[in-house]
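*Asks:* Here's the letter readout for the chains.
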Amino acid sequence: MNKSWWKVLCVVLLVYAVTAGLNVFNAPAFEVPRLNILNESIRNLYFHVSMWFSMMILFIISVVHAVRYLRTNNLRYDILSRQYAVIGIVFGILGYATGMIWASYTWADPNNPAAASFTAIAKEPKLIGAGIALLIYAAYLVLRDSISDIDKKARISAVYNIFAFAFLFPSIWIIPRLLESLHPGGQGNPALNPRDVDARMRLVFYPAVIGWTLLGVWIATLKVRLQFLKHKALLNDTNRH
Amino acid sequence: MSSIAKIIALFKKDLLLEVRQQYSFYGILLYIGATIFVLYLAIEEPESRVWNGLFWVIQLFICINAVAKSFLQEPRGRMLYFQTLVSPQHFVFSKLLFNGLLMLIMSSLCYLLFSLFLGNPVIKALPFIGIVLLGALSLSLVFTFLAAIAAKAQQNAAIMAILGFPIIIPQLIMLIRISSAAFSAAGTIPSTPVLMLFAMDVLVILLASILFPFLWKD
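Chains as they are written, first to last, in this note's numbering: chain S, 1 to 241; chain R, 1001 to 1218.
It is worth saying that the hints were derived from the structure and are not from the lab.
Treat each hint with caution, since some may be false.
What the hints assert, rightly or not - Not the full set, but computed from the structure, chain R residues with beta-carbon under 10 Å of chain S:
id	residue
1	1040
2	1149
3	1173
4	1215
Stated by the list, open to error - DSS-like, lysine-lysine: derived pairs with alpha carbons at most 27 Å apart:
id	chain 1	residue 1	chain 2	residue 2
5	R	1012	R	1124
6	R	1006	R	1069
7	S	152	R	1012
8	S	123	S	7
9	S	153	R	1006
10	S	7	S	153
11	R	1217	R	1006
12	S	123	S	223
13	S	152	R	1152
14	R	1069	S	153
15	S	153	R	1217
16	S	152	R	1217
17	R	1013	R	1217
18	R	1012	R	1069
19	S	7	S	152
20	S	232	S	152
21	S	223	S	152
22	R	1152	R	1006
Think of the CB as a built atom: it goes at the ideal place given N, C-alpha and C, for glycine as much as any other residue.
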């Protein structure tokens, strides 16, 4: 059980995030402010926003490994870069899923048919920005699969990873702030602004972000170890040179 | 030879090739003409929002067609020859410069044809031309680098579209937003997105100079 303390921490934090986040034991410390419309659905903050934080952190880890690949030409970094990108996409999809549940209680108009609400919600700049991010990484995977030579695949996809990462910032952070939106956080980062999140909620929110991110890293390390085993011969070969 | 002289020499080479093998230049011209003519037959005089949206989408497709061949046209042997003569930065800068110029010409022509065939709802013509030129530059820079990636991956223009569309959306949204101000007499062109587009152009040039050396050699 080498280096397993953070896996224990991940489980502890996630158990804490779920029990305190949903306030299973009805403790007064984990009460949430009841805002109009939002009410108790604000508890989704611990899950929905955490997913996007984790996605961003996983993409950052992916691009760091891409840079390390270009510096060292070690295929291990290429495998790391790819696996973190895939898990980032998974967390992005989970972010969409949790957001969908949240929006169906807060944004969707019960008097309108579901399709009408959907077209209104789908135009949200934040949704589009996040969609662009996922498309970019999907394109990254397509590019990878289109090249058969392993070293070439690693190098070109690392270059695209870094180039595309530079465009993630405008698509996720800048564009949604330029366009008017129903989604909170138009004037800055809502989850990081102390005035926006109630003090009691921050007690759960920050551990939840760390917990979900650790879970993402955990899944990625499992996949990476599997890939290392699969490409054992290849990796040993690069180490010998 | 200084860096500038090398870039100019490479740029001249591309220009000469273009002048001698005019099929690609006329090919793009024909592409623009045919597309706009089809649009004219389909919708005649669209309202300004449609006009604007169509204009930028057409710019996007023209850019892909104009820029896609820029790295594919260099055979392997010639690339090896360049590698002995110039640094990768010189090479990529000359390509950025050439494709930028090509797109500036194509976009101006596209605007001209749009106003001839589809009517001209643009009220602030001069600012709009400025935005068109800025947009042409932004598109050409991004797609030049993607063409380099696609050429290395030995793929056709299809992979360029897959790689490029998600990346270009933020810039395209900004361009459409800014230029929509040129269709009404009231309101001014917002300056923040314009500055942001300039910043992104600088970013693309920086990234191209840092990352292209990794694409340069096999």
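*Asks:* Check the structure against each numbered hint from earlier and tell me which ones fail, lowest number first.
*Replies:* 1, 5, 7, 8, 9, 10, 12, 19
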